[in-house]
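Undergrad: Mind docking these for me? Both chains are given alone in their own frames, and the hints should help you get the complex.
Those sequence lines, one after another, are chains A and B. Quick note on this note's numbering: the first sequence kicks off at 1 and runs consecutively. Quick note on this note's numbering: the second sequence kicks off at 1001 and runs consecutively.
I should point out that these hints are in silico values taken from the structure, not numbers from a laboratory. In this text, all values refer to a predicted model and were calculated from it rather than measured experimentally. Heads up, some of the hints might be wrong.
Unchecked claim - List time: in silico EDC-like cross-link candidates among lysine to aspartate or glutamate, alpha-carbon distance up to 16 Å:
1. B/1134 x B/1270
2. A/259 x A/220
3. A/198 x B/1289
4. B/1349 x A/47
5. A/211 x A/175
6. B/1132 x B/1270
7. A/163 x A/102
8. A/168 x A/131
9. B/1320 x A/47
10. B/1255 x A/197
11. B/1255 x A/157
12. B/1086 x A/220
13. B/1255 x A/175
14. B/1382 x B/1371
15. B/1086 x B/1072
16. B/1132 x B/1201
17. A/163 x A/100
18. B/1219 x B/1186
19. A/211 x A/197
20. A/208 x A/188
21. B/1373 x B/1383
To be verified - Stretches of chain A that chain B covers, calculated by requiring three or more beta carbons in the stretch to come under 8 Å of a beta carbon on chain B:
22. 36-46
23. 108-116
24. 276-289
We put the beta carbon where it would ideally sit given N, CA and C, even for glycine.
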Amino acid sequence: MKYLNTLLSLAVLTAVSIPVIVSTSLAAEPWTWRATLDGASSGQPMEMPTALHIDAERQRYYVVDSGGNRLLSFTREGGFLHTFTAEGKLQIPYDLVRDDADLIWVVEKGRNSLTSIDVKAKAVITHVLKDGERTLVPDRLEFRNGTFYVIDKATGEIALLGKDLVVKKWISCPECSTGIVDFKLTQDGIWALDQLDKKVIRFDGEGKVLKSFSVAQNVEFPVSLAIDSAGNVYVLDRHKAAIAVFDPQGGFKYAFLAKGWSRGELYFPIEIVFDPWGGLCVVEEGNGRVEVFGR
Amino acid sequence: MFFYYRIIIIFWLVTVPALAAAAADNVCFDCHKKEAFSGKIVHEPLAKGQCSPCHNPHVAHFKGLLEKEGAELCYSCHTKQQESFKQGMVHQPVRSGNCLVCHEAHASDRNGLLKEQLSATCFTCHEKMPQKFKYTHSPFAQGQCYSCHRPHQSVYGQLLNDEPDRVCLSCHKYEDLLKGHVNYPEPPQGCLSCHNPHGSERKGMVRNVLHAPFAQGCKECHEQGGKRGSTQSCLRCHEAVAAGMLARHSHLTGKEENKCVACHSPHAGDEKNLLKGSQLHVCRSCHADTIARYEDKLYRHPEVKAGICTSCHEIHGSNKLAMLRGDGNAICTRCHETQGKFTHPVGEKVMDIRTGQMVTCISCHVAMGSDFKYELIYSGLKDLCIQCHKRY
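Bound-form chain B, shown alone (with noise of 0.2 Å):
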């Protein structure tokens, strides 16, 4: 007998505090209309009339009466994803613990609770990329960024399913683009060296600026029996590229035989520099720390927001600091000229009391970001100027 009793005591200990919760969570509606929280697609919590795993209903600390903030809420939750979306390239709203830039978090009439389209989702973003070309790739224009890429991170760039010419030869046959590669002098591979993925306004979705040895045929830089142009054979004509390989700082790199196809297609490109992709995502492939470190930064550069770094850094070699165009005056004051004339003393004869070294603008800004308006090292109230003024 006393273990039917047992039986019916713990049942009730476990159900009623869960009913409880149940019963208190549907008091909500009672003011917050249930439709408005309504779609195709609800999220579990909510579909069970849960509030309170992510709203405390009294009080809290976050907007919206929210227990955490931005993924540190979700992640309570979704806790393999919080580990899985650290690992390799994480993209950025991710990285940001922004997790409703892409999705609702109650309801939606769309998979995985996303605010629009798939492609509309990603649109908001890369608002800079045309969404239709004269030749546009079949999943492109169906709006099925999943067929390449991930949403969330990727070991590839680019947030790819996987390496590139793999990710392309799973829908097309091998044997179909030997038979669209004849006379080549080496086997296709490197698809995206001459092809958008996406599209571009030649057949076959080959990039729109090609290189013009390129187009004049392949013999120019491949020798006979097929053997890849070294970095001499880019050198030949681009003779000023090779000062900037031999100064203090260059990008003479890598293993590769050809030090320029770490950056550049030798075949095609979407613009005269035949870059493989965005400075952005050219320069990211070996700096994602770095472009991570600054991203998220309350103050960022103009010219760092919009990924170009070649406003400021000589890309092929310098022999300034962080392969700067100029030194830490000259860089800036291209552009900020009032600056270079009124400002705190700066130049050759201000020396920094910490180092001995000349005082420049970026003794006190990080142009690529900070979280001190101006872009300052430290707050501009009076962290910064104690650094040197002691009895500031």
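The following block holds chain A by itself, in its conformation from the complex (with noise of 0.2 Å):
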């Protein structure tokens, strides 16, 4: 009897460890480097790639090749498909997205323009931004049910426009003493990066603050932000060449990645992206390539 009851105990503690050490051990596993999206492909490397747009529907990845005026996609394995110069006329392209009715829309900073591209009727109109007597000056650039988000980087706000490309409203983070320089739609709002203040901004989806915090402890020079699956943020710091990961409360988990040039190493990064198969994406623009993480 006495034994049984040891070995009952000691099943049932090895009942309730199992899922734990489970769940720890996946917690723990590390990013590693899955795929790497170079212009080698295309017989000629990218120069300065500073956004990536990834369509889910296509499973495409689509890379601005800013130094290149250029546009590249990829396979979700991270296979080269085409290059896309818009006839030569691409001006330092800068972010990209496509709009539900399948035109590609460029931030284009050498004309200071949003530039439309129907691939099909091979136009490409440009459209300089402006709110009454104001010319914005476009910078990152997101898209999500028929409204164009904007960062103005003369003001550092984020400006919303309708497919008329008429601003709707403008988001800003008051607190902020200098601007927003990225930021991502999440299912409940917008978050957002606010470079020299390193603090990151949850909005919600009317524009209003619902909480910041600051990654000063952790960040020098953060320039990109992404937020996985379970609201943890991740911040590019471009000059430590390394990701900081925050839980949604702003409490410093961990960090990883290094300056680099060899594989999984970064050298001046520019963006990061989550992709909808668990990959972490990293733009650098330093390497001239996207490295994919995964874990």
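TA: Below you can see the structure in the form of structure tokens.
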């Protein structure tokens, strides 16, 4: 009877501890390199890529090769597909989205334009964005439910524009001494990054600040952020060439990656994006590539 | 009875080692002349005749038989300072752990064990700063740097005691300032925009170089009603800058309506670009981390040492990485002409096997600073080469 009790206790202990051990080990699984999107297969290396757009439906990556004045597409596995130059018309493209009507919209720094590209019709139309007298300087770009979300670099605010490109609303961070440098749309709102204050700000869908937290202790020069499915905030540090991870409340969890030129290392990274397949994609301006990490 | 014995034993246990240590330390002065360690102010351990808190009498890893090196030694007693000296903007010698740049270790005739009079201590490093002006601010003339600055760290730029305007108002009454700024488009604020806090060649310590529109009045930039000029109002005259603002990377940043005033004074400056201080100071106001990271490197490019960021960086905007003035070859070969012709192959036909990118000077060198000779990224003995030449 005595042995039976001991055996039962051990069995219960094992049953309880196994899921804990398994979940702990899974959570601690490190990020590892999975694929690289580069320009080699196109016959020309990428020169200072600045943005990545993911088309989940088509299972495609689209990379903005800013220095090469072109857009490149890749398969989900990282295989090169096409180069698109808009017949040499692009001038310093910086970011892009694809809207629900299959138009490609590109932020062109060189023309200070949000340029629409209809690939089938071979039509490239530049649009200089205005809000009354003010000329916007578009920077980062997202599109959702018929609305363009554009960072105006001149103000550090996010402009919400309809498909007619009329500004409907501005989202700004009243508590930031500088402006917003990057943002990501989530189901329940917008997460934004204030570069010089080194602060993450969460807005609701209407642009009201819900919360903010400082990342200054762990980050030197934040340039981009991404949010995982658990609500953890990943902040890309351009100068440290690393990613710092914070829980949804702003508690620092860990940092990973380092400066370098070899596979799995970063040099002047500029944007991070989660893909729908569990990958964390880092656009590296300095190394002319996009590296995809997984765990 | 047993109780009294216990007290005596505890007393001996406590005092005998202390007395023994003091006696042992005093032995030091049998050889080292005590007069050499005297002054109005004597470092507390030394005043108690204790040398061993810092020195090991027999053997040590560090020069002077010191137990630890640099600030680490000081922080073993000054523990509170260790934490507070990491906050905000930190004075370079503090960040480098070089306490002895300003302080004596043993004794001094000045408070805080300072090496020299306060201002003389400051001028030891700040040697380029003029010590006299035609019109000199009285605290500066009297060497009272602490009136405005903190010596170790501050949450305010330039290690100021407070926000710049509040520092001024700690001595100057606002009512007096109003009298001196009659008919100005805005109530006086941003004192440093026009005045040099140390002195200048102009009355009222107005900075030496006046912005032409400011010299002619206020209306050129300030619309009626006192509204400030926008970025566009600057670019009306400074057209060349506008192109830079539309580059891939630009300093068109911040929430201020006028971006230019983040770095430039719209009114007066100490040099023709009307910068709000030295280049290093202006750049540091946003890029403190970057400057701190390279400040203590063993090898630094002379331009970096001199704080002339614009030698290599296009400050308003650039399409190149790190807002450089050219690509990683062009930027260096402007000065290093020979290396542009006879060197490790670089240029468009030579690709870095790690990234597929063009090999440039900055594939191997980091001009901002490095702990390796010639500002190499890795040791030039082997580590650097095997990055690409795997069979080396």
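Undergrad: Failing hints, ascending?
TA: none
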